[in-house]
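Colleague: What follows is the residue order along each chain.
Protein chains: 2
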Amino acid sequence: MDERTEDRRDDVFVDAAALAAELAEEHPADIAEALDEQEPKTASAVLASLPREQQVEILDGPDVDLTSELIEALPVEEAVRLVSDMSADRAADLFRWMDEPARSHLFARLAPETQAELGRLLAWPEHSAGGLMTTEFVTVPSSWTVGETLRHIRETERTRETIYAIYVLDPLSQKLLKAVTLRRLITGEPEQPILDVAPRHDPITADPLMDREDVARLITKYDLLAVPVVDENAHVLGIVTVDDMIDAIIEEGTEDAQKFGGMEALDEPYMEIGFFSMLKKRGGWLSILFLGEMLTANAMQHFEDELESAIVLTLFIPLIMSSGGNSGSQATSLIIRALALGEIKLKDWWRVALRELPSGLVLGSILAALGMTRITVWQLAGFHDYGEYWMLVAATVGAALVAIVTFGSLIGSMLPFVLRRAGVDPASASAPFVATFVDVTGLVIYFTVAMVILNGTLL
Amino acid sequence: MDERTEDRRDDVFVDAAALAAELAEEHPADIAEALDEQEPKTASAVLASLPREQQVEILDGPDVDLTSELIEALPVEEAVRLVSDMSADRAADLFRWMDEPARSHLFARLAPETQAELGRLLAWPEHSAGGLMTTEFVTVPSSWTVGETLRHIRETERTRETIYAIYVLDPLSQKLLKAVTLRRLITGEPEQPILDVAPRHDPITADPLMDREDVARLITKYDLLAVPVVDENAHVLGIVTVDDMIDAIIEEGTEDAQKFGGMEALDEPYMEIGFFSMLKKRGGWLSILFLGEMLTANAMQHFEDELESAIVLTLFIPLIMSSGGNSGSQATSLIIRALALGEIKLKDWWRVALRELPSGLVLGSILAALGMTRITVWQLAGFHDYGEYWMLVAATVGAALVAIVTFGSLIGSMLPFVLRRAGVDPASASAPFVATFVDVTGLVIYFTVAMVILNGTLL
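Sequence lines, in order, name chains A and B. Going by full-length UniProt numbering, the first residue of the first sequence is number 1, and it counts up by one from there. Going by full-length UniProt numbering, the first residue of the second sequence is number 1, and it counts up by one from there.
Hints were generated in silico from the structure; no laboratory data involved. Fair warning: there could be bad hints in the mix.
Unchecked claim - With a straight-line cut-off of 25 Å between C-alpha atoms, the simulated PhoX-like cross-links for lysine-lysine are: (1) Lys281(A) <-> Lys281(B); (2) Lys221(A) <-> Lys221(B); (3) Lys347(B) <-> Lys280(B); (4) Lys178(B) <-> Lys345(A); (5) Lys221(B) <-> Lys41(B); (6) Lys221(A) <-> Lys345(A); (7) Lys345(A) <-> Lys280(A); (8) Lys221(A) <-> Lys347(A); (9) Lys221(B) <-> Lys345(B).
Stated by the list, open to error - Just some of the chain A residues that point at chain B, by a computed CB distance under 10 Å: (10) Glu22; (11) Leu182; (12) Ile186; (13) Thr241; (14) Ile249; (15) Ile250; (16) Thr254; (17) Phe316; (18) Val362; (19) Ala422; (20) Gly423; (21) Asp425; (22) Ala427; (23) Ser428; (24) Thr457.
All C-beta atoms, glycine included, are put in the ideal place defined by N, C-alpha and C.
One chain only, chain A, in its complex shape (with noise of 0.2 Å):
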């Protein structure tokens, strides 16, 4: 018994070393990827047989839960000197991963400084600006030239990954006065001063409390490497990389799908993700679905009689209803992705709902020419018999289509304003929403027009 243990650890040492050698190579992301599939224990192995500029590249890499799995499976000491040389926005989120309590024990052995400036950064809310920025960033005075510059970052900067560019300080207030890329910069003679490289304009800045999807927004409209985030001072607090933004884009993107697809955002991959956490996310929103679905029972309870002298009208119910839905979930995509990308703002309601009008009407016209033609043709061709009233028939459902798409494109396009409005995510579940209140209120338009149309016929 022991002499197996003892053999499977030897195993577990010579995968380790050989495995090392053959990874060191590869992109740090490769050789991330490469550990993910390896047991913590195994992985923290080759980790640690890996030259030390790599282990730091591959702990920086975005994947933290994987971060979380090597530092916890490493000696102590180990961990911390890494933690300690890790980039600060990454140990940031480190830290909100790791579960108590590792999560204490390994921040109570940083060195205080390290603890101060993770604290700084963990105060910020986690989808911030304040929350996704880091500390690693150069600043020189305004009275240094190009070549004294190059000479600041060769000499003490060696290590930092996110030099993207250089912020030039007032000497006295330390206000930030420009933004220098290093494009720009190189491209400078030594002895010219680094105000004469700057560009014109003032630097772009984000606010510590903004939310990643307006620093996106920044990063995006003036193709910003790093967006430096500035106090109430003009102090420089961190900068937002753009790699941290492309992840936050991206991570954005499957949360709106989910919450689209009618469930919470997973935060997990789908195979990853615990079977009961899963059923829970999905779960909830289906229930919340279903009971408000159930007032089309209710609708339904309410016209009864109508049915049972119109059987032939419950016919056509799932019809009408899907094309309200649909209608309203076109709206509702287009809307909540230009208010996303900003191409809309709150105020430009009526200008929407100016659009949505004629276009629901338009769209209803079409589909009800659909409707009525196949009643029609149905009729006349002999497939199916809606009675002696087929034409009032096919009128109602053409004009209940009219009513129906015509309303379900202005909900589905006024819901995400509202939404926004009310400070909800507009894309929280939005499509399904507006499909179970165009189902519930298409019913009752349907049976209104029905009475009216086939008063003192079939009602």
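Position chain B relative to chain A; hints supplied.
Modeller: For chain B alone, kept in the frame of chain A given last:
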């Protein structure tokens, strides 16, 4: 009359000069935004009054619609001069966008070498790495030192906005050996060979025909600012930069959201697309879904006898149908996103099926419990009378919900695999498509379950 025209021309002239002076200190992206709000004539007059460098920066912005408007409104010599100075990828975008005959007229006036360069870029498909790349990049032979490289950039590459990395080539074969980021370059000593500051791993490269979504995945995974596009001989053809990639990721997100909402991707902002173009993109899918949904009428007709003998069954049709649709839409949006992010591959379809089957059963059981409780409470509290066999009706609704939600989850999760396999974008209208499919089959399931459970009583 003549006098008024004169006056108006004067106004435009004064406006343009004043506006140019006012905007000169702004960021080019903000100037572009201001110009976008002006008439093309005024905007091009303002552009002409700005410093040369800013003119090119504005035209290099992401709004190709604005760029083409400005270029078309300028005198042709001026337009030719500016297009020659634009970055090659933006100029290629411009020619992709412009209408004939302006496009051909402008192209014919360009210098032969510019024509050849643009021709090479325009030959690649628009959404491929080749179609996105720009030809402004810096290569140096591997025999150079850091100092030589820096001097080369300073002397010859002043105007290139896209220097994110230096590509080191084999001096003989011109094959790409290493990619050196600017940061690594400036932290090296001037006399060091450039290969000394290169990373250990081989450069990450893209094939010119690689789809933009795959290029985005490379850039995200490896945290790159630019990825070199190389041919089969490892010769660098161009680079795709991170800012173009962000634009592409956001555009893909919008397209996916719109397709998912059940329409064709608009390709233009909601407020800018023409009314009839929008109707076409929405009406097409709406009609297709409507035609599909007509099958529900067929299904209902098929069960008309059952409907007449058990009108109570109709009350729950909308409830049951929408539950199937919602569960299908959840599963579909989860899987589409996981496929898009590469979290799951085509070959994982059976793993997904094995997760969705129990998920569907549990979710369906939850809804069944809710639905049966609703019927029981309403019956016992006297809110509504579901008849003598109300318990059997409740059982029918419950069993149908379990079956339909399970079926919806399975179909919804498998459809993206089928579409991807068939070479179709899984995002294409899939949620409404799944809902339509599940509506029709859901009705059949409902009535079949009813015939089994209610056989000999209501039916």
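Colleague: Checking hints one by one. Is Ile249(A) an interface residue toward chain B, by the C-beta closer than 10 Å rule?
Modeller: Cβ of Ile249(A) sits 6 Å from chain B, so the hint holds.
Colleague: Have a go at the Glu22(A) hint: is there a Cβ in chain B nearer than 10 Å to its own Cβ?
Modeller: violated, 13 Å
Colleague: With a cut-off of 10 Å, does the beta carbon of Ala422(A) approach a beta carbon of chain B closely enough for the hint to hold?
Modeller: Since chain B brings no Cβ nearer than about 21 Å to Ala422(A), farther than 10 Å, the hint is violated.
Colleague: Is the shortest C-beta separation between Asp425(A) and chain B less than 10 Å?
Modeller: Violated: closest Cβ of chain B sits about 14 Å from Asp425(A), beyond 10 Å.
Colleague: Hint check: is the beta carbon of Ser428(A) less than 10 Å from a beta carbon of chain B?
Modeller: violated, 13 Å
Colleague: Against chain B, run the beta carbon of Ile250(A) and see if the smallest gap drops under 10 Å.
Modeller: Holds: closest Cβ of chain B sits about 7 Å from Ile250(A), inside 10 Å.
Colleague: Once the shortest beta carbon distance from Phe316(A) to chain B is found, is it less than 10 Å?
Modeller: This interface hint holds because 6 Å falls under the 10 Å limit.
Colleague: Does Lys281(B) sit within 25 Å of Lys281(A), going by the straight-line distance between their CA atoms?
Modeller: With a Cα-Cα distance of about 33 Å, the restraint between Lys281(A) and Lys281(B) is violated, given a limit of 25 Å.
Colleague: How about Ile186(A): closest beta carbon in chain B under 10 Å, or not?
Modeller: Constraint on Ile186(A) satisfied, holds at 6 Å.
Colleague: Below or equal to 25 Å on CA atoms is what counts here, so check Lys178(B) against Lys345(A).
Modeller: Measuring from Cα to Cα gives roughly 46 Å; hence the hint is violated.
Colleague: Regarding the hint that Thr457(A) lies at the interface with chain B, is the smallest CB-CB distance below 10 Å?
Modeller: Cβ of Thr457(A) sits 19 Å from chain B, so the hint is violated.
Colleague: Does Lys345(A) pair with Lys280(A) here, judged by a C-alpha cut-off of 25 Å?
Modeller: violated, 34 Å
Checked against the numbered hints listed earlier, the structure breaks hints 1, 3, 4, 5, 7, 10, 19, 20, 21, 23, 24; every other hint is satisfied.
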